[in-house]
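Enquirer: These are the residues of each chain, in order.
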Amino acid sequence: MGDFLSNLSLGFGVALSLQNLLLAFLGCLVGTLIGVLPGVGPIATIAMLLPITFGFDPTGALIMLAGIYYGAQYGGSTTAILVNIPGEATSVVTALDGHQMARQGRAGVALGIAAIGSFFAGTVATLVIAALGAPLTGLALIFGPTEYFSLMVMGLVFAVVLARGSILKAIAMILVGVLLSTVGLDLETGEERMTFGLAFLSDGIDFAVLAMGIFGIAEIMRNLDHTEHRDVVRQAIGRLLPNREDFRQSYKPVIRGTLIGAILGILPGNGAVLGPFASYTLEKKIAKDPRRFGRGAIEGVAGPESANNAGAQTSFIPLLTLGIPPNAVMALMVGAMTIHGIIPGPQVMTKNPSLFWGMIASMWVGNLMLLVINLPMVGMWVRLLKVPYRMLFPAILMFCSIGIYSINSLPTDVMFIALFGLVGYTLIKLGFEPAPMLLGFVLGKLMEENLRRALILSRGSLSTFIDHPVSAGLLAVAVILLVIALLPSIRKGRDEVFTE
Amino acid sequence: MSASHEGSGVAGRQGAVRAPQGIAGGILLIALAALALWLTRDLDQGTLNAMGPAMLPRWLAVGVGLSGLALIAYGFIRVGEPLERWSLRGPFFIILSILAFAVTIRPFSFGPLALPGLGLVVAGPLGIILGGYATPEARFRELLILSLSLTPFCMLLFGDLLNLPIPVFPQELAGLFPAGWSQKAIMRATASVLIVAGIAVFFATKGSRNKTIDVADHSGRI
Numbered sequence: 001m002g003d004f005l006s007n008l009s010l011g012f013g014v015a016l017s018l019q020n021l022l023l024a025f026l027g028c029l030v031g032t033l034i035g036v037l038p039g040v041g042p043i044a045t046i047a048m049l050l051p052i053t054f055g056f057d058p059t060g061a062l063i064m065l066a067g068i069y070y071g072a073q074y075g076g077s078t079t080a081i082l083v084n085i086p087g088e089a090t091s092v093v094t095a096l097d098g099h100q101m102a103r104q105g106r107a108g109v110a111l112g113i114a115a116i117g118s119f120f121a122g123t124v125a126t127l128v129i130a131a132l133g134a135p136l137t138g139l140a141l142i143f144g145p146t147e148y149f150s151l152m153v154m155g156l157v158f159a160v161v162l163a164r165g166s167i168l169k170a171i172a173m174i175l176v177g178v179l180l181s182t183v184g185l186d187l188e189t190g191e192e193r194m195t196f197g198l199a200f201l202s203d204g205i206d207f208a209v210l211a212m213g214i215f216g217i218a219e220i221m222r223n224l225d226h227t228e229h230r231d232v233v234r235q236a237i238g239r240l241l242p243n244r245e246d247f248r249q250s251y252k253p254v255i256r257g258t259l260i261g262a263i264l265g266i267l268p269g270n271g272a273v274l275g276p277f278a279s280y281t282l283e284k285k286i287a288k289d290p291r292r293f294g295r296g297a298i299e300g301v302a303g304p305e306s307a308n309n310a311g312a313q314t315s316f317i318p319l320l321t322l323g324i325p326p327n328a329v330m331a332l333m334v335g336a337m338t339i340h341g342i343i344p345g346p347q348v349m350t351k352n353p354s355l356f357w358g359m360i361a362s363m364w365v366g367n368l369m370l371l372v373i374n375l376p377m378v379g380m381w382v383r384l385l386k387v388p389y390r391m392l393f394p395a396i397l398m399f400c401s402i403g404i405y406s407i408n409s410l411p412t413d414v415m416f417i418a419l420f421g422l423v424g425y426t427l428i429k430l431g432f433e434p435a436p437m438l439l440g441f442v443l444g445k446l447m448e449e450n451l452r453r454a455l456i457l458s459r460g461s462l463s464t465f466i467d468h469p470v471s472a473g474l475l476a477v478a479v480i481l482l483v484i485a486l487l488p489s490i491r492k493g494r495d496e497v498f499t500e
Numbered sequence: 001m002s003a004s005h006e007g008s009g010v011a012g013r014q015g016a017v018r019a020p021q022g023i024a025g026g027i028l029l030i031a032l033a034a035l036a037l038w039l040t041r042d043l044d045q046g047t048l049n050a051m052g053p054a055m056l057p058r059w060l061a062v063g064v065g066l067s068g069l070a071l072i073a074y075g076f077i078r079v080g081e082p083l084e085r086w087s088l089r090g091p092f093f094i095i096l097s098i099l100a101f102a103v104t105i106r107p108f109s110f111g112p113l114a115l116p117g118l119g120l121v122v123a124g125p126l127g128i129i130l131g132g133y134a135t136p137e138a139r140f141r142e143l144l145i146l147s148l149s150l151t152p153f154c155m156l157l158f159g160d161l162l163n164l165p166i167p168v169f170p171q172e173l174a175g176l177f178p179a180g181w182s183q184k185a186i187m188r189a190t191a192s193v194l195i196v197a198g199i200a201v202f203f204a205t206k207g208s209r210n211k212t213i214d215v216a217d218h219s220g221r222i
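First to last, the sequence lines map onto chains A and B.
Just so we're aligned, residue 1 is where the first sequence starts under this note's numbering, counting upward by one.
Just so we're aligned, residue 1 is where the second sequence starts under this note's numbering, counting upward by one.
Just chain A, same shape as in the assembly (with noise of 0.2 angstroms):
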């Protein structure tokens, strides 16, 4: 307990000086921005300004990241309730009840009640993560590689079962993304591997390319494949404050929505995304009058709002203990922190623990900034919605192009974002989701160091896997889970949360 509170003010230390305030205020207000523009994920932006962060110390580039990452999910609510169109994918199911309150009125209470939630759910996050962090990393330091590549595997399946759409594709997707990793010099032996004679090839495809084509790039195409449609809500938007009644209803979803999102948070795959659904359907499920569900039920809003947030959250937890990215936003992390030289896993809280906690803080305290961002200039964020995507989307072009320009100063790396964007459009046509992809990437270099290190401990034996008690642990549950999730029965149960 002496331990959890003097990582805490040490971390309050780092987070509380000025620099670092305003680099968590810039964070939340840019992810706000994003969060509230329909068609601008935080994939997108994050990989968009990771130029931008070039400039400060790593601490300070890491909790404006961070920033941008939770006002990204708080910002979507905004226009989930408003506009009916979910900012973000992880709003989706605010979108339901939350614009019906806005018909009725009510849009401020349900504004309001969201921002309280995942104030609330914020807080318990923060809480989680740092008494979670010493144990998992201590636990983290005594894996050896063997462990090491059955924890990414898992990880892996993770994944694969908790995205979207076709297993099947995931698992393509996985494999395509470990495949692009190989590319480059080989480690060990210094042979050329894929490159097809090209110089700027042989580093590899660059981290950054990559995601700002695939994400940044494909979903400006995409969007402009549907001629745009909002419909603002016209009613005043009301009090901001929800009543005595409002908060009698809603307390109780915003507790059962922290736990369910800060669990399903930590999983690798995509917990952020599924934590609002799980806790909406549990909130209709156990209802006394689930028919209120989708009409304006404040519960629909509270839970959900408060899960996101909580599992936005939670999801810093692999990447911050083991160095395992567990979903797309995290991998984009890992690459921010390689640029500034830091090797993400056990090591960063024992040789850097002022950036650890420091990031800790900081999210607390960007979660008490997000209530003032949101709150009080909710008016300004309607305003911002009548900007067109016409005009837009140019700006978010030029951003990227200036920004991948800047990293290298290579005209090439500007070509190929326009070359993955094409090929990220082309998988989203095909039904492919391109997060696995990308997760797949950047765990593949990772993988291939330790599975080569644990094979020529075993001298060659793939039977270490299996040897190893911690290792054969992993592989069972990623086996486990791969033949759950094929089953027919839960399949149709997976494929109902993600459609409803």
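Just so you know, the hints here were simulated from the structure itself, not pulled from any lab data.
Computed from a predicted structure; not experimentally measured.
A portion of the hints provided could be inaccurate.
[Stated by the list, open to error] Derived DEER-like restraints, expressed as beta-carbon distance ranges:
1) B/87 <-> A/165: 18 to 24 angstroms
2) A/462 <-> B/184: 57 to 63 angstroms
3) B/48 <-> A/473: 46 to 52 angstroms
4) B/49 <-> A/419: 34 to 40 angstroms
5) B/87 <-> A/248: 48 to 54 angstroms
6) B/184 <-> A/196: 53 to 59 angstroms
7) B/179 <-> A/352: 42 to 48 angstroms
8) A/187 <-> B/204: 40 to 46 angstroms
9) A/196 <-> B/69: 23 to 29 angstroms
10) B/48 <-> A/350: 51 to 57 angstroms
11) A/287 <-> B/160: 54 to 60 angstroms
12) A/375 <-> B/111: 55 to 61 angstroms
13) A/350 <-> B/182: 29 to 35 angstroms
[To be verified] Derived, one-sided and incomplete: chain B residues facing chain A with beta-carbon distance under 8 angstroms:
14) 49
15) 64
16) 99
17) 201
18) 202
[As the list claims (entries may be wrong)] Now the stretches of chain A that chain B is said to cover, found in silico as 3 or more residues with beta-carbon under 8 angstroms:
19) 209-223
20) 298-311
21) 319-329
22) 408-422
23) 426-436
24) 448-455
Quick reminder that beta carbons are idealized off the backbone N, C-alpha and C, glycines included.
With the hints as your guide, set chain B onto chain A.
Expert: Quick look at chain B alone, frame taken from chain A:
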């Protein structure tokens, strides 16, 4: 945003092909796997004890190829998604915009083609205007004003505030500025010229806007 908006699926589901999207996806995966196998054909596979550079890519390619085969097989057995309609306008102009930016931002040569580096002052507006035409709703006046305000904003943000190395101005024209001017002073001067030009365009063409105004803008739908 959901994927399928065209309800033309029924016609495509007759005959042997039941999931056109899955089959197309499968073909793509097999092509990718074949490419990877061909690229690694000369590399050493090694042994499990000392893995060669080709081992992992080769086995991954086999995995990708098998997934592709499975997708195709399912495409004949199970009914699935039809192919979506592709619009070519969006991707075409987006790619054109990015390529235009890439070849004009700094000196570029590819075979016999050689372009002088024109810097952000040209690459920015060029990219924005070309990219803007990716949607049929594009209006030239709007895009021109957007490009003349966004480009100086990016100059000041990326170049001035964040100190990222971005060429602003064609090197040949640097002599136009007084010799003592620093790179940043040139950047600021260029940015202000662009802003002034943007404001001038805004007011000069203000009258023409009212004629083409969209009635839908006032109905609450944006």
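Enquirer: Indicate, hint by hint, whether the structure satisfies it.
Expert: Hint check results:
{"no.": "1", "hint": "B/87 <-> A/165: 18 to 24 angstroms", "verdict": "holds, 22 angstroms"}
{"no.": "2", "hint": "A/462 <-> B/184: 57 to 63 angstroms", "verdict": "holds, 59 angstroms"}
{"no.": "3", "hint": "B/48 <-> A/473: 46 to 52 angstroms", "verdict": "violated, 23 angstroms"}
{"no.": "4", "hint": "B/49 <-> A/419: 34 to 40 angstroms", "verdict": "holds, 37 angstroms"}
{"no.": "5", "hint": "B/87 <-> A/248: 48 to 54 angstroms", "verdict": "holds, 50 angstroms"}
{"no.": "6", "hint": "B/184 <-> A/196: 53 to 59 angstroms", "verdict": "violated, 39 angstroms"}
{"no.": "7", "hint": "B/179 <-> A/352: 42 to 48 angstroms", "verdict": "holds, 46 angstroms"}
{"no.": "8", "hint": "A/187 <-> B/204: 40 to 46 angstroms", "verdict": "violated, 59 angstroms"}
{"no.": "9", "hint": "A/196 <-> B/69: 23 to 29 angstroms", "verdict": "holds, 26 angstroms"}
{"no.": "10", "hint": "B/48 <-> A/350: 51 to 57 angstroms", "verdict": "violated, 33 angstroms"}
{"no.": "11", "hint": "A/287 <-> B/160: 54 to 60 angstroms", "verdict": "holds, 55 angstroms"}
{"no.": "12", "hint": "A/375 <-> B/111: 55 to 61 angstroms", "verdict": "holds, 58 angstroms"}
{"no.": "13", "hint": "A/350 <-> B/182: 29 to 35 angstroms", "verdict": "violated, 44 angstroms"}
{"no.": "14", "hint": "49", "verdict": "holds, 3 angstroms"}
{"no.": "15", "hint": "64", "verdict": "holds, 5 angstroms"}
{"no.": "16", "hint": "99", "verdict": "holds, 6 angstroms"}
{"no.": "17", "hint": "201", "verdict": "violated, 15 angstroms"}
{"no.": "18", "hint": "202", "verdict": "violated, 14 angstroms"}
{"no.": "19", "hint": "209-223", "verdict": "holds (count 5)"}
{"no.": "20", "hint": "298-311", "verdict": "violated (count 0)"}
{"no.": "21", "hint": "319-329", "verdict": "violated (count 0)"}
{"no.": "22", "hint": "408-422", "verdict": "holds (count 9)"}
{"no.": "23", "hint": "426-436", "verdict": "holds (count 6)"}
{"no.": "24", "hint": "448-455", "verdict": "holds (count 4)"}
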